[in-house]
Amino acid sequence: MDPIHTEIVVLGAGPGGYAAAFYAADLGKKVLLVEQEKKLGGVCLNCGCIPSKALLHASKMIFEARESAHRGITFGPPQIDLDKLRAWKNSIVDKLAGGVGFLAKKRGVQVLIGRGYFEGSQSLRVETAEGQQFVTYDKAIIAVGSKAALPKVFDLGNPRIMTSTEALEVEDIPEDLLVVGGGYIGMELGSVYANLGSKVVVVEALAGILSGADADLVRPVLQYAQKNFRELRFNTKVMQMSTKAKKIRVVTEGPDKVEKEELFDRVLVSVGRVPRFHDLGLENTKVEQDERGFIKINDKQETADPALLAIGDIAGGVLLAHKASKEARVAVETIVGEPSTSAGVIIPAVVFTDPELAWCGVTEAEARAKGMEIEVAKFPWGASGRALTFDRPDGLTKLIIDVATERVVGVGLVGHGAGELIAEGVLAIEMGATVRDLAESVHPHPTLSETIMEAAEVYYGVSTHTFSPKRREE
Amino acid sequence: MDLKLPPLGEGVDSGSVVGILVRAGDQIAKGQGIIELETGKAVAPVPSHTAGKVAKIMVSIGDKISVGQVILSLEESAAAPAKPAPSAPAARPERPVAAQPPSENEPKAGTWVDEEPAPDAPTPAASPTIRRLARELGIDLRRIHGSENGGRIVMDDVRAYIQRLQHLASQAQARTDALAVPSKPPPPRIDFAKWGAVTKRPMTSLRKAIAAQLSESWRAAPRVTQFDEADITALNELRKKHAEIFEKKGARLTLTSFALKIVADALRQHPVFNTSLDEVAGDVIYKEYIHIGLAVDTEQGLIVPVLRDVDKKDLLTLSTEMNEIATKTRDRKISLEELQGGTFTISNQGGIGGGHFTPIVNRPETAILGLGRGALKAVVRDGKIEPRLMLPMALSYDHRVIDGGAAVRFMLDLVKGFENFDEKQLI
Chain P
1 MDPIHTEIVV LGAGPGGYAA AFYAADLGKK VLLVEQEKKL GGVCLNCGCI
51 PSKALLHASK MIFEARESAH RGITFGPPQI DLDKLRAWKN SIVDKLAGGV
101 GFLAKKRGVQ VLIGRGYFEG SQSLRVETAE GQQFVTYDKA IIAVGSKAAL
151 PKVFDLGNPR IMTSTEALEV EDIPEDLLVV GGGYIGMELG SVYANLGSKV
201 VVVEALAGIL SGADADLVRP VLQYAQKNFR ELRFNTKVMQ MSTKAKKIRV
251 VTEGPDKVEK EELFDRVLVS VGRVPRFHDL GLENTKVEQD ERGFIKINDK
301 QETADPALLA IGDIAGGVLL AHKASKEARV AVETIVGEPS TSAGVIIPAV
351 VFTDPELAWC GVTEAEARAK GMEIEVAKFP WGASGRALTF DRPDGLTKLI
401 IDVATERVVG VGLVGHGAGE LIAEGVLAIE MGATVRDLAE SVHPHPTLSE
451 TIMEAAEVYY GVSTHTFSPK RREE
Chain F
1001 MDLKLPPLGE GVDSGSVVGI LVRAGDQIAK GQGIIELETG KAVAPVPSHT
1051 AGKVAKIMVS IGDKISVGQV ILSLEESAAA PAKPAPSAPA ARPERPVAAQ
1101 PPSENEPKAG TWVDEEPAPD APTPAASPTI RRLARELGID LRRIHGSENG
1151 GRIVMDDVRA YIQRLQHLAS QAQARTDALA VPSKPPPPRI DFAKWGAVTK
1201 RPMTSLRKAI AAQLSESWRA APRVTQFDEA DITALNELRK KHAEIFEKKG
1251 ARLTLTSFAL KIVADALRQH PVFNTSLDEV AGDVIYKEYI HIGLAVDTEQ
1301 GLIVPVLRDV DKKDLLTLST EMNEIATKTR DRKISLEELQ GGTFTISNQG
1351 GIGGGHFTPI VNRPETAILG LGRGALKAVV RDGKIEPRLM LPMALSYDHR
1401 VIDGGAAVRF MLDLVKGFEN FDEKQLI
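Each protein sequence line maps, in turn, to chains P and F. FYI, the numbering for the first sequence is 1 to 474, going by this note's numbering. FYI, the numbering for the second sequence is 1001 to 1427, going by this note's numbering.
Hints are not guaranteed to be accurate.
What the hints assert, rightly or not - Have a look at the derived ranges for each label pair, beta carbon to beta carbon:
hint, chain 1, residue 1, chain 2, residue 2, range
1, P, Glu171, F, Pro1117, 41 to 49 angstroms
2, F, Ile1020, P, Ala369, 57 to 65 angstroms
3, F, Arg1409, P, Met372, 58 to 66 angstroms
4, P, Asp138, F, Thr1129, 41 to 49 angstroms
5, P, Gly120, F, Glu1247, 47 to 55 angstroms
If you're looking for bench data, these hints aren't it; they were derived computationally from the structure. The model shown is predicted, which means the values in this text are computed figures rather than measured ones. Just so it is clear, CB atoms sit at the ideal spot from N, CA and C, and this is done for glycine as well.
Starting from the given sequences, assemble the full structure and let the hints guide the process.
Here's what the structure looks like:
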């Protein structure tokens, strides 16, 4: 194949990579998008955000049906056709991946399927099904992402020990499932399997689930999980794992230092994600990496190599699709010479457990640790009419407020639909809104969005639907 | 009690009333604008220095008034301090009070801090649109106090801030102008015809441009001229030897060709002669390129076309280009671009004659080399008097940027260049 030259190469077609490729093409650049998988869309679309949310939605119905008994509506036991469920999930993934390909075509973005390897700062070798393709370019954006970590002790080559990628294929519904790691992936997929009927045990080495989120927001998620899962064990480590016939033998050690041996049908390892920096030829470039392998970047997404930029998971920070997409914009704007920056950008986080958990800006714990002068205004969903109508008062809305300026610097939400509600928090912080701005903006009734307005009113001691004795002087 | 026009600041002692902001019977607050005054510099409200109730307004729109003139009178009985009017809100006490032009009310939008913000000072609240705009314009948002809730900066604040920067810049300009041009009346016109016949010829636009450019240089650049002579006996032989070869290639090998090469070499050694002074920023700008202007004597007057990248071209190229550009200049076919971007100028009068002279620096450059005609002189060499061909050289430079020592060293290198020109450069 003849070598090709292009202005911009984007390596990796996930939500960072394809966003960068499309934006650059929209700005008139000649772009080549290189992806090693046959389907575009990256982890998010193929084995992350999208399939997990589809399965969460489908399996939640089972739980909801059971819950509606006390409201006077009962259903028979569910019939689960796993093949059909999987096909439905895959149809969503295929539709979206096809959409990405279609949008690339429409923009004239050339897509090359194959493994990319840097021969130098400005030349890439791509191993395609048809052979080697050499590519030279002015600038490249590295967006190769991350993959689920599978520590050696768990890597027995046994398909019953899964990472999130395999778990999303739902080959069967294990009777007993062990989830190693109580982060958002473990909690979300644990919920899917619990809803489908598995007895789920979560072990977490730290003292609680979903570290990073404020404890008061995590509490409803934990309470729900304790009801839905068989067990959650904290300060507990997995010491050993081995195959025993069709089961997995697992030895754990709890906080009491006593070892416990159990058998599980399947194990889901969700102990974090690692950057995909291997076999990229990064050593042939001037790119620098941190000790974990993430590529070092500045606030313009530039690496130590003047021809290379990096975005998304491979560039470290929080590993979230929307963070990658934002960085894609910054990287492309940097290339075309606009004064762009990813510094100070608010990246919201959402955990799609039941109930959902979402936050943006600073958390209360972070603010206190930094010694910021803040006040926290909370509105419990037990006082929300809307929350009661769908029988889920287990929610909380809270605002973190900078005392000197009354600016909203953080928003935290837990409860049904928190992931949708958090966007208002992001807008408020980005716009520099004060708590009064939120209190004075009319929110429709009866909706959950009112809880944000009422939390702002709580700050002034004048919330309609709660009573707090303190009243703030203006 | 009367309110009089307060001192307005340097150089301004009067103005025209373009607006009256209060009416008889109004309760006014201290600091509230009472009239709008147009001066040579700006239209600005004049604030009241005290509170009270307006009894009578003594000026009307269009009046030209001077400092100390009564604008309005206040009722004597209004002794009780009035509450500040809502139009003049007190500055937020917890913030440093913004520095503002003295003759303006506190505007709703756009107050500012003049002191340098600390590097770790937090970024104030502003929407992503405003933050992007600030990045594009190179504005530090920490210098602006937002007018909205929580100090949030909105478009009006940025606009007011930019207007103020512009205002300050024009004030600074006005101050420089005031310094530069003493407001002396022009000298009385003299009737020269009373002593004999005269002919009046209007200055051509080129003549006017030359006059303006040279006056500006004379005024702005304190100039020193350094004299020296170079022995060009050998160089002249070299020139004669190669002149024919050059001729065949369609180029004239002249002393100026050599001078271009020698000056370019010396400029590389002494980059301070290849600079411009940015007076506003206070920067000396060192240019990585060497573009040399050549003073060309035309029928209409002096024109200085510029030869590009002289240091990167050989003698043949330079000689060819020099002939082309000189012809183009004399035919008035030279384009404006070809007259711009020079970093140094050579003025060779040798073709006509002349000895030492004192060229004027061709601003914004900082130095110029004037060459006279090489003449045979009795020179002492190795204890003997010999006839040698000596080239008069005069280097004028802007003493603000270049010192005398540097000029001597530059000149010595030029002399060396003329005296020891390497023949290899000709081949």
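Results for each hint:
no.	hint	verdict
1	P:Glu171 x F:Pro1117: 41 to 49 angstroms	violated, 59 angstroms
2	F:Ile1020 x P:Ala369: 57 to 65 angstroms	holds, 59 angstroms
3	F:Arg1409 x P:Met372: 58 to 66 angstroms	holds, 60 angstroms
4	P:Asp138 x F:Thr1129: 41 to 49 angstroms	violated, 30 angstroms
5	P:Gly120 x F:Glu1247: 47 to 55 angstroms	holds, 51 angstroms
Taken one by one, the earlier hints fail for this structure at numbers 1 and 4, listed in ascending order.
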